[in-house]
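Listed below, chain by chain, are the residues.
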Amino acid sequence: MGSLSRWCFAIVVLGCSFGEVLAQCPDRPVSGSVVADPLALSSQDGVLSAQFVMQHSVDSNGYTHYCYNYNTGTQIVEAPTLRVSPGDELNLDIVNRIQNDDAMKMKMAMPMPTTGAVEPSCGDGGAMTVDATNMHYHGMNVPPKCHQDDVINTLIQPGTPGFKYKIPIPATQPPGLYWYHAHVHGFTEFQVNGGAAGALIVEGMEKVHPEVAGLAERVFIIRQQFQIPWIPGPYQLTLNYQVSQAIGGAKPVIQMKPGEKQFWRVANATLQDFMPLQVIVNGQPQPLQLVALDGYPLTQIRTQDTILLPPAGRAEFIVQAPPAGAEAFFFTQDYSTGPTGNPDLHQSLAAIQVSDTANAARMPKVSAQAAAVRLKYADLASQKPTAERLLFFSEEFGGTNGPIQFYITVDGQKQKVFEANEKPVITTKVGAIEDWTIENRALETHAFHMHQIHFQVLEVDGQPVTNQDLRDTIEIPFWEGSGPFHSVKVRLDFRDPTTAGVFPFHCHILLHEDLGMMHKMLVEP
Amino acid sequence: MTSHWKALLRAASFTVCLLGLSALAAAAPPYVITNDDASFPFTGVSFLSVGPGGGLIFRQQVATVGTGIGGGYFGANRILVVNGAQACVFASEAGSGDVVGIDINTLTVGGSATGSDTDTGSANGIGLAGNDQYVYAGFTDSNTIGTFKVLSGCGLMFVNGTAVAGLEGGAVNGMAVHGSMLIATYTDGTIESFNISGGTPSPNGDKQISSGTVRARGATYPNSIDITSDGHFAIFGDTATSLVVEVSDISSGKLAKTTVYSSAASISSSNVMLSPDESLLYVVNTQGASVSVLFFDKAKGRLSAGCTSAPIRGHSTDWSYLVGMALGSTTGDGDGVYVAEFPSGIARIKLKVKGKTCALREAVQSPFKTKNAAGLLSIGAFPPRAF
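Going line by line, the protein sequences match chains Y and E. Residue 463 in numbering that gives the first Met the number 0 sits at position 464 of the first sequence; the count goes up by one each step and never skips. Residue 21 in numbering that gives the first Met the number 0 sits at position 22 of the second sequence; the count goes up by one each step and never skips.
One chain only, chain Y, in its complex shape (with noise of 0.2 Å):
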């Protein structure tokens, strides 16, 4: 979106002096150095445990970081890779040690609700802040619960013990990359934007598509830093924390063997870049194999040159390294988010070096008796939808500085932004097949997010698509000002018993999401 003014909300600027702030977070790779993957923790015995120190600086250069710090025992590390199995269990302490006084911290307070409250508060409660946090297991099918994957009423505040998640990994979880981010509405945008954010990757791939068993496997996470992320302006992507230059300068290095073939897990963690992936060999895009799509194996492995992934998409695909002396660059072209929208610019994110000394962790290989795997979800297309729902994004510009209103509404309902203590827009019951087409009747598209479940994209523009992905997050182009709206149809899932609860969906450019282009609904069990 253009300019904007922020927040309906308090906003108090304390001080306005650049004061030595405490450096709390690791130093992140130097800009042209090789890209490494995220350190990985994986399950053991059926557990993964580990502790999460969510804490705050900011570097030299005026970027606020926020950190996932986890202690090896000899360094800090910042967002460990969790690698688990179907049937795992996930415990996760988070303990948040943020000491945001930093002279240009803002202040702002979305109170919890007190009354009205549909649901119980969980962790420590208190205000919605800057400073507090949780944590989003994006794309996982868990159920919305306390210390599991809610984040409307859990909360997290600095300086309290902690907050233990835990997580039992359902043993139907389809294999693939998913993501944990924080998630306090009203300042998601803030922490992602500070890079709290992570890969998480269920175990299996290999026995789905056996095309990638052995295959040397990288994880790239595409983070968006803006200085101040609520001012449409200059912004720099990383790749694993890596600044990736947009114009000149030096440029994060994927190494690769020669000949070899890699399995690349690309998690867009932007806060809002739309991002038409490529592999560029002498100025030529590269056939890309396509596995998964949001943690999701696709049916048959496909083959394109551009993979489109949304803010909060995850792509996971073939990349075969290009011959020796070819320029070679892992790249995001130009992506029109309308004339409301931010652009998104074309950038190479890495450039791809062919050399002996690449080195990669690598993909398991197949037993011979490995059982067919059976898909979560696999039947979907079959099923007949028990209800049938129209929703659409919209947005109100009451000026070139605001006031801006972002909404996602239910046809029939009123256009209303979140709140905490709204109720559900939608019920349900367990045992539920929706289908659901979503418009978008703003000048600027909109990322929908549903939480807790994958849902099977039908159609396009009311046009039955060839490839019905199981997807997270999906892109809705805007409105060009005439003609129809733009809409994806697709079919939700809630047989499941564990989707019974109280979770959000919402565009997932979190700014808009920050501002209330959010809506919960239930799922009666």
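No lab work stands behind these hints: they were computed from the structure. Hints may be right or wrong, so weigh each one.
So the derived label-pair ranges between C-beta atoms look like this [claimed, not checked]:
| hint | chain 1 | residue 1 | chain 2 | residue 2 | range |
| --- | --- | --- | --- | --- | --- |
| 1 | E | Lys256 | Y | Pro496 | 16 to 26 Å |
| 2 | Y | Gly282 | E | Phe41 | 56 to 66 Å |
| 3 | Y | Ile300 | E | Asp317 | 37 to 47 Å |
| 4 | Y | Pro342 | E | Phe39 | 24 to 34 Å |
The C-beta atom is built at its ideal place from N, Cα and C for all residues, glycine as well.
Guided by the hints, dock chain E onto chain Y, whose structure is given.
Showing chain E alone in chain Y's frame:
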């Protein structure tokens, strides 16, 4: 703004006022006039004439003393053209917090004046309404309406300020004047009228949340205002996610509860203007990249569906919002409108009406790129519509 700066402005305006008085009056040609809303040294008001092919021709920018802000609320009209005892254009300059008057016959500054030390619209602008006696300035940030007396030669003298606020704390936004009534909108959906028979606005006691705002639970709110020539109806263009216009019967001297007209023809309707014959209401679809016309039954105050233009050229590449408008003609159906394209263009939208059908299309010569505007939101026409 500091008192020192205001003193400087007052001195400067006094000087140019004297110069203006000594200038020879001349019959002014028709103009389209822009408040360029720019920063120093480009600040000023530009005068454009209509060429033989219908295109706009830049004639002159009258440099002003103050500075603009290049943006703000859509419904706060930053330019006021009056053609009574004297022909003046008044323009607000929210950066420096003043209102400047320009004699249209001589294209010279007649004077400028600031409000009180606390009056400010530096974030979202200063809206104007008035007549040839008084100019009212809605300072959107301080939430005050300043009353300025119009002096000979189009100078201004600050009279006083009136503190205002919406029922939910909204900021003053659009304003319109008819006879002894001033009507204001606020950003929280409140509408209110004032009695200005004594010069300074005095509340009529009709402050209310508009029906459209109530119906949409805040997701729609009145922005700009127009009033029928007989003072029977006030018409509000709403900021909304669709086209929403509200009408209030004001024949009692107070605002009655509004009736709501809505349509999915386009997005938002922050700026509205009646045609000279009051048979039509022009609606700028601020975010919808289009202009609409609704048919208006002047006797009953009812609106009905008309037509909507195709998307105006250059959306997103050359401009981001359609905002204020000026009529193409002072008679009949107005012959379409000129529309400000934020930040620096003017589109010409032509109208054809046949019975109860109409068509709007952008002229071949459109758009005209302004030379000086940095954040063009408001345009006017001279001579103005008769009411």
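Next on the checklist: Assuming the hint says 16 to 26 Å, is it satisfied by the Cβ distance from lysine 256/E to proline 496/Y or not?
Outcome noted: violated, 50 Å
Item to check | Range hint compliance [Cβ, isoleucine 300/Y to aspartate 317/E, 37 to 47 Å] | outcome: Given range 37 to 47 Å: holds, Cβ gap about 44 Å.
Next on the checklist: Against the range 24 to 34 Å, how does the distance between the Cβ atoms of proline 342/Y and phenylalanine 39/E compare: consistent or not?
Outcome noted: holds, 29 Å
Item to check | CB-CB spacing for phenylalanine 41/E and glycine 282/Y relative to the 56 to 66 Å hint | outcome: violated, 43 Å
Hint compliance for this structure: hints 1 and 2 are broken, all remaining hints hold.
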